[in-house]
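Chemist: The listed protein sequences correspond, in order, to chains A and B.
Under numbering that gives the first Met the number 0, the first residue of the first sequence carries the number 0, and numbering increases by one thereafter.
Under numbering that gives the first Met the number 0, the first residue of the second sequence carries the number 0, and numbering increases by one thereafter.
Read the hints as simulated data drawn from the structure, not as lab findings.
Hints should not be assumed to be uniformly reliable.
These stretches of chain B come out as covered by chain A in the derived footprint (C-beta under 8 Å, 3 or more residues) [unchecked claim]:
no.: 1; stretch: 29-39
no.: 2; stretch: 95-101
no.: 3; stretch: 413-427
Quick caveat: nothing in here was measured; it's all calculated off a predicted structure.
Heads up, the beta-carbon is just placed ideally off N, CA and C, and yes, glycines get one too.
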Amino acid sequence: MSLDAETVRRIAALARIRVKDEEVTRLQGELNHILAWIEQLSEVETEGVEPLPGAMRMKLKMREDVVTDGDLHDAILANAPDRADNAMGSFFAVPKVVE
Amino acid sequence: MTAPTDLTLAEARAALAAKRISARELAEAHLAAIEKLKDLNAFITVTPERALADAAAADARIAKGEARPLDGIPLAIKDLFCTTGIRSTAASRILGNFVPPYESTVSAKLWAAGAVCLGKTNLDEFAMGSSNTTSAFGNVVNPWRRRGDNRDLVPGGSSGGSAAAVAARLCLGATATDTGGSIRQPAAFTGTVGIKPTYGRCSRWGIVAFASSLDQAGPIARTVRDAAILLREMSGHDPKDSTSADVAVPDFEAALGQGVKGLRIGVPKEYRLDGMVPEIEALWQQGIAWLKEAGATIHDISLPHTRYALPTYYIVAPAEASSNLARYDGVRYGLRVEEGGDLDDLYEATRGAGFGAEVRRRILIGTYVLSAGYYDAYYLKAQKVRALIQRDFDEAYKIVDAILTPATPSSAFAIGEKQDDPVTMYLNDVFTVPANLAGLPGISVPAGLDASGLPLGLQVLGRAFDEETVFRVAAAIEAAAGFDALPQLRAA
Numbered sequence: 000m001s002l003d004a005e006t007v008r009r010i011a012a013l014a015r016i017r018v019k020d021e022e023v024t025r026l027q028g029e030l031n032h033i034l035a036w037i038e039q040l041s042e043v044e045t046e047g048v049e050p051l052p053g054a055m056r057m058k059l060k061m062r063e064d065v066v067t068d069g070d071l072h073d074a075i076l077a078n079a080p081d082r083a084d085n086a087m088g089s090f091f092a093v094p095k096v097v098e
Numbered sequence: 000m001t002a003p004t005d006l007t008l009a010e011a012r013a014a015l016a017a018k019r020i021s022a023r024e025l026a027e028a029h030l031a032a033i034e035k036l037k038d039l040n041a042f043i044t045v046t047p048e049r050a051l052a053d054a055a056a057a058d059a060r061i062a063k064g065e066a067r068p069l070d071g072i073p074l075a076i077k078d079l080f081c082t083t084g085i086r087s088t089a090a091s092r093i094l095g096n097f098v099p100p101y102e103s104t105v106s107a108k109l110w111a112a113g114a115v116c117l118g119k120t121n122l123d124e125f126a127m128g129s130s131n132t133t134s135a136f137g138n139v140v141n142p143w144r145r146r147g148d149n150r151d152l153v154p155g156g157s158s159g160g161s162a163a164a165v166a167a168r169l170c171l172g173a174t175a176t177d178t179g180g181s182i183r184q185p186a187a188f189t190g191t192v193g194i195k196p197t198y199g200r201c202s203r204w205g206i207v208a209f210a211s212s213l214d215q216a217g218p219i220a221r222t223v224r225d226a227a228i229l230l231r232e233m234s235g236h237d238p239k240d241s242t243s244a245d246v247a248v249p250d251f252e253a254a255l256g257q258g259v260k261g262l263r264i265g266v267p268k269e270y271r272l273d274g275m276v277p278e279i280e281a282l283w284q285q286g287i288a289w290l291k292e293a294g295a296t297i298h299d300i301s302l303p304h305t306r307y308a309l310p311t312y313y314i315v316a317p318a319e320a321s322s323n324l325a326r327y328d329g330v331r332y333g334l335r336v337e338e339g340g341d342l343d344d345l346y347e348a349t350r351g352a353g354f355g356a357e358v359r360r361r362i363l364i365g366t367y368v369l370s371a372g373y374y375d376a377y378y379l380k381a382q383k384v385r386a387l388i389q390r391d392f393d394e395a396y397k398i399v400d401a402i403l404t405p406a407t408p409s410s411a412f413a414i415g416e417k418q419d420d421p422v423t424m425y426l427n428d429v430f431t432v433p434a435n436l437a438g439l440p441g442i443s444v445p446a447g448l449d450a451s452g453l454p455l456g457l458q459v460l461g462r463a464f465d466e467e468t469v470f471r472v473a474a475a476i477e478a479a480a481g482f483d484a485l486p487q488l489r490a491a
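Okay, chain A solo, but in the shape it has when bound (with noise of 0.2 Å):
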């Protein structure tokens, strides 16, 4: 399987990660050799085979479904890059979303 600029540029459309037309053939190239060399994994038997997602050797813990942090209002939006304050309280603050 190989990328074509217009998948390339589709990949970085729903990552929302702008890139320039003329980044486009390098990436394309840098992707396409990095996926030519996985490609190999195809040579690997794997039918039956249960597929692992992650390392863990137990069970997930459940834990009790309560409340055990909260009121960190401020905490949160310390670092807001950009917020609104008013009657109703404190939020972040985006470009209009809603005409």
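Fit chain B to the given chain A structure using the hints.
Modeler: Frame of chain A; chain B shown alone:
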């Protein structure tokens, strides 16, 4: 008297307990060393005021006879661990001036044990790299140089700043993280000891996530004993990380004295690469001979899927990274780039400007292998091969107690070398990646020098949650190797 910066962590602990040195003197000596060797660029942030305050508190406790296990020990923290009130960058532009309002569990445990915070060490951006050349804060320089050659060498990566700081004696130990070799490879390149414990041994809470099913924290130190002391304090169950294991934390230091008599050591034939550097092969044979002499038995074993570990890793790790790094959106913290337009434009502009080339490549690969139509062919396939890799180890550990391999396929290389294409750089982790995929503990121990005078490491792998055996074997190698070479650039 030995310079304070030349003490091992265990020696400093004894000197503090005997009141031969104060925490303040130790902190001041290391802060001066950091300043003297700042051209190594090992630190992104130095915290002298915090260090002196921590030292004063430690001295007060020691005076009252209430010393904690690491009281007065100056440590450096990889800048992937969030630290309350101290800027935390992951060596990326995209985190901007992020100052965490919380502390990672691992660093919190170290402070609770009395350790002194010297600052935050440099790394590859988001821990993605094997040379510490992808940091937004510049390359880290390896304190070691080739004989008769003044070129700067890489310290390895991604924990390059931690490894360089420990090797150059800027701290007594440092935290690090290992997703595909990021503790063990830089330890090998700098003549230090680095252990990646079993997946689940250390909490990942508060560590900037790269690939959550592979990431694991561990220490880098100058001796096996120092690494054992630090790992004990870093380990333990944490309700805030559902993958942290609720198992007892042994006294790893106590295991060191047990020796290796009767232990069965496996030597996997698949780790013998075509065209392997003869010095690495020779070192491996030397390691086998040392362990035999110390009373272990040596067994040829096979880990048949070894050669597929790296390509498996380069599907799994980017896939998880592309999900984890989706959180950097320019809205809640970190960098924001606004060039007009709507919210999607803000995301794209911020992420386009904030991520470096290697991080961007991995996010794109990850996005592709998870995208509709390719998920089965790449991601699911990789998870199946991962299962086979784990099965290889499970079979091997029916026959042996630990496995001995080289840590890296070469010694440290010059800044700029091996950068012709990404895959060449990826091959650095050929010996370390399988343990991450299988979730097993692995340590790198300095065992000798190559012809150019650079350190080389041997790797010991163990069973899940059997770091004690890993430490025993590492201690035997350390004792037999008698590695006492020093880097050209160092504090005292």
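Chemist: So, for every hint listed, does it hold in this structure?
Modeler: Going through the hints against the structure:
Taking a C-beta to C-beta cut-off of 8 Å, the stretch 29-39 of chain B contributes 0 residues in contact with chain A, too few for the three needed, and the coverage statement is violated. Beta-carbon proximity to chain A at under 8 Å applies to 6 residues in the stretch 95-101 of chain B; the threshold of 3 is reached and the given coverage holds. Coverage of the stretch 413-427 of chain B by chain A holds [criterion: at least 3 residues with CB-CB distance below 8 Å; count 3].
The structure shown violates just one earlier hint, number 1.
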